[in-house]
Amino acid sequence: MTRRAVVRARSQAAASSAGGCVVEARDLVRSFGQTPALRGASLSVSAGEILAVMGPSGSGKSTLLHCLAGILVPDSGEVWFDGRRIDTAPDAERSMLRRDQFGFVFQFGQLVPELTAEENVALPLLLGGIRRTKALADARQWFRRLDLDGMERRRSGELSGGQAQRVALARGLVARPDVLFADEPTGSLDSLAGEHVMELLSAAAREQGTTVVLVTHDARVAAYADREVIVRDGRVNSLARGGARP
Amino acid sequence: MSCWPRILYVRRVYFQCILAGMSVPFTLLGLLEREPSHGYDLKRDYDAYFGRGKPLPFGQVYATLARLARDGKVLAGGAEPGSGPDRRRYVITEDGATEFEAWLAGPVEPEPHLQTVLFAKVVLALMLGRPAENYLDTQRAAHLQRMRELTEIKRTGDLVDALLADHGLFHLEADLRWIDLTAARLASLAEVVRSEAASQSSGGSR
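Chains C and D, in that order, are what the protein sequence lines are.
Going letter by letter, the first sequence gives residues 668 to 913 in this note's numbering.
Going letter by letter, the second sequence gives residues 1142 to 1347 in this note's numbering.
No wet-lab data here; the hints were simulated from the structure.
Glycine is no exception: its CB is placed at the ideal position from the N, C-alpha and C atoms.
Treat the hints with care, as some may be off.
[To be verified] What follows is a list of derived Cβ distance ranges for each label pair:
(1) C:Q701 <-> D:A1210: 55 to 61 Å
(2) D:D1299 <-> C:K801: 38 to 44 Å
(3) D:A1189 <-> C:Q875: 53 to 59 Å
(4) D:E1274 <-> C:T800: 53 to 59 Å
(5) D:G1218 <-> C:G854: 55 to 61 Å
(6) C:G700 <-> D:P1177: 53 to 59 Å
(7) D:P1177 <-> C:R873: 53 to 59 Å
(8) D:V1301 <-> C:D694: 46 to 52 Å
(9) D:A1338 <-> C:D814: 25 to 31 Å
(10) C:T702 <-> D:D1299: 37 to 43 Å
(11) C:R752 <-> D:A1325: 32 to 38 Å
(12) D:V1301 <-> C:G817: 26 to 32 Å
[To be verified] Not the full set, but computed from the structure, chain D residues with beta-carbon under 7 Å of chain C:
(13) E1174
(14) L1285
(15) R1289
(16) T1292
(17) L1310
(18) I1320
(19) L1322
Same shape as in the complex, but just chain C (with noise of 0.2 Å):
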């Protein structure tokens, strides 16, 4: 069993003995200079599950994305993964988690021009020390799947904004990642374009199993999930009908 299946496979058993909840926060507070963007907020994901993060703009949907993921970390307020709290961990240790257990996809400018689309998909698997010629033979496997084929060897600037996107979300998948964090991933795209996109995205954690955070003020975009939550002035406000997927 190779190291990241065993990461993978201690994740899960974490997950369903906390009664399935994969990602927590805990009354997470967080400001920008004199600008409070959480004032509380809270909530919890369940493993496997498609979560949407909804709300107006500046209403810090985003914010509390990037606390959830480890990039930011929390003026108070806690954040769990896995059974384990992360706003306190080292920056080393926040940085493999999210370079082992975590993929992100972002509304803009996220592939890297100099690599050519399969290179971009590689890099996590690169950074995750596997061979060159295995991560890049992994990263090809996205490109049917994703319907990319032909777009390999192109450059970010040579593929259309729904191609580009679609190599970034390979590129989040590729590492087979607990958690997947998407921020606004169709916004540059149009409706056919984007629903094509989420299509895919839901396809592929559903068929692996990963969780995902969306944050999004799209509801076209938040009905590919199995629930939702509204943020509105730093507090998540539940509205939850819909259960997690079978």
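Got chain C; can you put chain D on it based on the hints?
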């Protein structure tokens, strides 16, 4: 093609044609929950808050009040002296108040073109000091649940199903935008409702 699109179509037409009419009794109950009123006052307030160029006919006001009285939702006082139409004062009953509360708190069936009903709920909630934001949140959750169902139809159905589901999704999305904007403007709307109420009461009833 599955039977879903036909069911959706029938339900949409039903809600467009029938539900809007059904909200009049609840709206009158809501106005009576505020204070006992004559039919004339109810019509005046209905037209001021909800009519918007489409006033409620007197006949419909009194017919609705008669049905509500028959069903035990309101009590009609004795006829008062004076000329003109019916001069009874109507009072909401316990049953009527319970039914109104259930209507107000429950989400409207998430179908396109429901703003009239939802708008009435929001205004009544503000008028009665109820948590309008909670009602909007409940409605938002119901809408998103329906959008999830339609998205699933799109995912699993054929192209025709997908196109019909898209039609529903875009309309529901428009409703959601209205819900979000209204939620953002609740404080201003509350002020408008309060000032309209103040001007109505300073104008006095008949």
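So, going through the hints one by one against the coordinates:
In this structure the hint that Q701 of chain C and A1210 of chain D lie 55 to 61 Å apart at CB holds, the actual value being about 59 Å. Between D1299 of chain D and K801 of chain C the beta carbons are some 40 Å apart, a value that agrees with the proposed interval 38 to 44 Å. At about 57 Å, the beta-carbon gap between A1189 of chain D and Q875 of chain C stays in the expected band of 53 to 59 Å. Taking 53 to 59 Å as the suggested C-beta distance range, the pair E1274 of chain D and T800 of chain C conforms, at roughly 57 Å.
Between G1218 of chain D and G854 of chain C the C-beta distance comes to about 59 Å, which sits within the given range of 55 to 61 Å. At roughly 55 Å, the beta-carbon separation of G700 of chain C and P1177 of chain D lies within the given 53 to 59 Å, and the hint holds. With their beta carbons about 57 Å apart, P1177 of chain D and R873 of chain C fall inside the hinted range of 53 to 59 Å. Checked against the hint of 46 to 52 Å, the pair V1301 of chain D and D694 of chain C passes, with Cβ atoms roughly 49 Å apart.
Taking 25 to 31 Å as the suggested C-beta distance range, the pair A1338 of chain D and D814 of chain C does not conform, at roughly 57 Å. Take T702 of chain C and D1299 of chain D: their Cβ atoms lie about 50 Å apart, and the range 37 to 43 Å is violated. Checked against the hint of 32 to 38 Å, the C-beta distance between R752 of chain C and A1325 of chain D comes to roughly 35 Å, which is consistent with it. For the pair V1301 of chain D and G817 of chain C, the supplied restraint of 26 to 32 Å holds, since their beta-carbon distance comes to about 31 Å.
Residue-level restraint check for E1174 of chain D is violated (minimum Cβ-Cβ distance to chain C is 26 Å; threshold 7 Å). Checking L1285 of chain D against chain C by beta carbon gives a least distance of about 6 Å; that is within 7 Å, so the hint holds. Given the 7 Å rule on beta carbons, the hint for R1289 of chain D holds: about 5 Å separates it from the nearest Cβ of chain C. Interface restraint check for T1292 of chain D: the shortest CB-CB distance to chain C comes to about 4 Å, inside 7 Å, so the restraint holds.
Hint status for L1310 of chain D relative to chain C: holds, with the closest Cβ pair at about 6 Å, below 7 Å. At a threshold of 7 Å, the smallest CB-CB gap from I1320 of chain D to chain C is about 10 Å, leaving the interface hint violated. Because the beta carbon of L1322 of chain D sits about 10 Å from the nearest beta carbon in chain C, more than 7 Å, this interface hint is broken.
Against the hints set out earlier in the document, violations occur for numbers 9, 10, 13, 18 and 19.
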